[in-house]
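Asks: So you can see what is in the structure, the chains are spelled out below.
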Amino acid sequence: MAEGQFRSGIAGARLPLERYTDNFADLHPALDQHEALVEADRCYFCYDAPCMQACPTEIDIPMFIRQIATGNPLGSARTIFDQNILGGMCARVCPTETLCEEVCVREIAEGKPVQIGRLQRYATDVAMRQDKQFYQRAAPTGRRIAVVGAGPAGLACAHRLAMHGHEVTILDAREKPGGLNEYGIAAYKTPGGFAQEEVDYITGIGGIAIENGKALGRDFTLADLTGRYDAVFLGMGLAGVNGLATEGEELSGVDNAVDFIAVLRQAEDLSQLPIGRRVVVIGGGMTAIDAAIQARLLGAEEVTICYRRGKEHMNASEWEQDLAASKGVVIRHWVRPLRIVEQGGKVAGVELEYTTLRDGRLAGTGESLWIDADQVFKAIGQSFDPLPLNGGGSSLELENGRIRVDAEGRTSSAMVWAGGDCTGSGEDLTVTAVAQGRDAAESIHRALTANGRA
Amino acid sequence: MADITSNFVGIKSPNPFWLASAPPTDKEYNVVRAFREGWGGVVWKTLGEDPPVVNVNGPRYGAIWGADRRVLGFNNIELITDRELQTNLREIKKVKKEWPDRAMVVSLMVPCEEENWKSILKLVEETDADGIELNFGCPHGMSERGMGSAVGQVPEYIEMVARWCKQNTRMPVIVKLTPNITDIRYPARAARRGGADAVSLINTINSITGVDLDNFAPQPTVDGKGTHGGYCGPAVKPIAMNMVAEIARDPETRGMPISGIGGITTWRDAAEFMALGAGNVQVCTAAMVYGFKIVREMIDGLSDWMDEKGHRTLDDVVARAVPNVTDWQYLNLNYIAKARIDQDLCIKCGRCHIACEDTSHQAITSMVDGVRHFEVIDAECVGCNLCVNVCPVENCITLEPLAVGELDKRTGRTVSPEYANWTTHPNNPAARIAAE
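Those protein sequences? They're chains G and L, same order as listed.
Note that my numbering gives residue 126 to position 126 of the first sequence, counting from 1, and the numbers run on in steps of one.
Note that my numbering gives residue 265 to position 265 of the second sequence, counting from 1, and the numbers run on in steps of one.
Source of the hints: derived by calculation from the structure; they are not laboratory data.
C-beta: ideal position from N, C-alpha, C; glycine also.
Mixed in with the good hints, there may be bad ones.
Just the calculated beta-carbon pair ranges, DEER-fashion [stated by the list, open to error]:
hint, chain 1, residue 1, chain 2, residue 2, range
1, L, GLU308, G, GLY360, 36 to 46 Å
2, L, ASP342, G, TYR354, 23 to 33 Å
3, L, GLU115, G, GLN33, 55 to 65 Å
4, L, GLY370, G, LYS311, 29 to 39 Å
5, G, ASP322, L, TYR290, 34 to 44 Å
6, L, ASP342, G, ASP322, 24 to 34 Å
7, L, MET367, G, GLY360, 42 to 52 Å
Sequences and hints are given; from them, build the entire structure.
Replies: In structure tokens, the structure reads:
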């Protein structure tokens with residue numbers, strides 16, 4: 001029987017041991033001091049800088065880069081953390097190519113933006129390595145706030161609330177805090193346990209208690225929280241995964257991409273993690289890309305992303321698509337799954353249909369296509385599951401299937417705020433969640449204290 | 001092909017690029033390496049009387065850098081040669097014999113007595129060197145012993161020593177000037193009065209390159225202390241060029257040969273010095289940073305540029321810019337220019353706007369019809385050139401003169417065809433007195 005990469009079915013140990021370390025090493029290694037100085041020198045210190053406007057957390061990017069250039073990385077980190085306490089993670093996972101770096105005037109001038117993300121990582125790494133805490137808590141207000149979800153939105157909200165002197169309790173359904181930072185992001189973007197280090201750094205300010213294994217709707221209700229706390233912030237993300245509604249979806253070997261990534265992120269030994277020899281990923285977003293690339297890195301021989309529309313419609317950025325291609329992932333556009341076929345109780349392949357746009361609507365051409373597969377990952381999006389929230393009586397209004405909030409993050413219910421992916425206003429980006437959590441904290445603070453005065 | 005052979009005060013060299021008196025010309029080994037790479041000549045590192053001086057045992061140099069550690073400015077606290085006089089003389093003679101087509105000039109510094117100069121001149125003549133350069137510039141160490149810039153800062157001493165040398169040698173005498181004075185024309189005039197054949201400038205500028213903020217010591221730091229060193233390299237080029245031009249256009253020194261020194265790194269730097277009146281150039285820092293090979297770029301670059309422009313010999317270039325160097329009071333006040341931003345080249349960094357808005361004349365927009373847009377407001381623009389200088393894109397912002405008869409929206413007046421300068425301006429009190 002063929003071993004390693006050529007073993008059929010879903011199996012681990014496809015690669016020599018040392019390859020796993022290389023494959024899952026840092027995607028963008030940290031800049032050393034000289035590299036950071038040279039890169040920082042490229043920044044033009046623009047007036048009303050476009051990068052700053054493109055950043056959802058509005059970090060003063062020209063200023064933090066200038067602080068690096070002048071040999072003040074701690075000051076630089078403070079400039080970043082002032083706006084975004086998860087600046088370390090955002091430096092690693094932000095799709096900078098569609099945010100700050102896309103509008104960098106150097107991108108316009110020479111197609112080579114200042115590497116803002118890597119510079120941000122340089123500065124935040126310096127501060128976090130020293131465990132430099134820049135913020136002190138204000139005098140205790142005596143107010144207690146519950147935060148649901150220890151992901152980017154919840155952590156950003158908690159930190160800002162703690163800074164203002166409030167007591168925060170974060171309730172999180174998973175075993176570890178961090179949310180998607182811990183369970184959802186590609187391993188090579190945040191290696192080495194960084195998500196937990198960042199949680200520790202953030203909670204280092206004090207006044208933040210995290211209770212893990214506490215799920216909304218199972219262990220407590222929203223009414224419990226509104227009864228026991230002065231305010232509630234909901235940042236629990238998206239629990240639901242969209243189904244394919246395709247024949248064969250229930251077969252063994254058909255999995256949610258988010259579950260695969262979560263297992264991978266928690267795996268003690270990646271070489272033991274089973275992966276198909278031939279993998280098909282259905283979807284066109286970041287999750288599809290992350291699942292596909294990591295399937296290849298685990299040793300899958302063939303990985304194909306199947307997306308029902310064109311390259312330009314994919315939610316994954318072009319840069320991410322190129323990254324996938326560079327790792328040997330094949331991206332097929334204009335195909336949609338018809339059925340997943342089994343043989344001997346195992347997935348054998350996917351039958352797809354070519355698609356096209358007819359009168360602006362997606363339609364099948366009637367022509368089909370077969371791709372061999374031992375494993376299929378579904379990555380066609382996640383959805384908000386309102387049952388745990390609204391099953392307990394009080395009801396929050398939804399919008400487009402997610403919690404409706406106003407510009408400050410206020411929900412339809414008094415003293416309940418929300419932010420991050422569980423709200424309708426987000427772009428499902430870490431950095432957007434951070435901005436919403438932070439802004440909701442300011443709103444909560446204003447509401448609990450007469451215009452910010454305790 | 002352009003002829004770049006050089007004849008400087010009778011000293012011939014295959015090109016106008018000499019290595020300045022400095023560490024690269026301290027001994028036979030280095031000088032031979034330089035000649036192999038193509039340097040036209042050297043000024044041998046300054047000889048003094050025995051016993052030789054001693055140098056500090058580290059560090060001797062300091063620098064300032066750009067972000068990528070490119071050396072922008074350099075300084076040193078090294079003294080004149082610390083080798084015995086006879087060793088240097090023997091090597092000078094040998095190298096000149098083996099490389100007869102290259103210029104061999106010997107830099108000298110001895111105490112300010114005629115006998116001292118007389119005796120060393122005799123020894124140098126025996127080497128068959130082509131000329132001597134009097135080191136009146138060295139700003140550290142030697143000046144504290146009454147030599148170097150201690151002489152160069154007193155025009156009477158310059159004149160006196162130059163005269164002694166002219167009276168006691170057949171060799172051409174070049175006087176090297178220190179920039180650490182208030183008006184470079186005075187020492188240059190003194191050199192001419194003393195009969196010197198030429199001046200060379202600039203020597204290095206008194207400087208401290210940095211301060212170690214951990215122990216509050218100036219750099220370069222020798223055992224916790226520092227002293228001023230001589231500053232050189234690209235950073236000093238503008239200062240040096242002005243001094244060269246001042247001497248070139250001074251009625252008392254006009255026409256006196258000048259050997260240009262100060263941050264020359266490329267052929268273009270050399271061409272600029274020569275246009276301002278330098279008959280040849282001397283290089284040190286660039287060689288110390290990049291090695292001797294840079295001379296090949298200088299030779300090719302100068303020759304290619306001359307070919308392109310139709311200059312046949314160095315005489316077609318030397319001093320060509322001197323007539324265009326004038327005093328501020330003679331600049332045409334009726335010349336009106338406005339900044340123009342090429343919108344196709346603009347990358348919208350906004351630096352022109354914020355520079356003008358914060359520090360100058362509020363003459364550049366940042367937003368037009370709700371869109372980020374940078375455009376010059378002619379009614380405010382004084383043509384100061386700040387935006388041109390801060391723009392990171394070459395040729396994106398240019399200063400364009402208004403044509404005669406065009407309306408200057410700032411003053412509401414049309415551009416006059418007349419040349420009019422400060423000397424006749426109604427606001428000039430001196431002009432009023434003259435008119436009355």
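Asks: Take the hints in turn and mark each one as holding or not.
Replies: A quick look at each hint next to the structure:
Between GLU308 (chain L) and GLY360 (chain G) the C-beta distance comes to about 59 Å, which lies outside the given range of 36 to 46 Å. The hint said 23 to 33 Å for the Cβ distance between ASP342 (chain L) and TYR354 (chain G), and at roughly 48 Å that hint is violated. For GLU115 (chain L) and GLN33 (chain G), the hinted distance range of 55 to 65 Å is satisfied, since their beta carbons lie about 57 Å from each other. Distance hint check: the CB atoms of GLY370 (chain L) and LYS311 (chain G) are about 32 Å apart, consistent with the given range 29 to 39 Å.
ASP322 (chain G) and TYR290 (chain L) have their C-beta atoms about 38 Å apart, which keeps the hinted 34 to 44 Å range intact. Distance hint check: the CB atoms of ASP342 (chain L) and ASP322 (chain G) are about 32 Å apart, consistent with the given range 24 to 34 Å. For the pair MET367 (chain L) and GLY360 (chain G), the beta carbons lie near 36 Å from each other, so the given range of 42 to 52 Å is not met.
Consistency note: the structure conflicts with the earlier hints numbered 1, 2 and 7.
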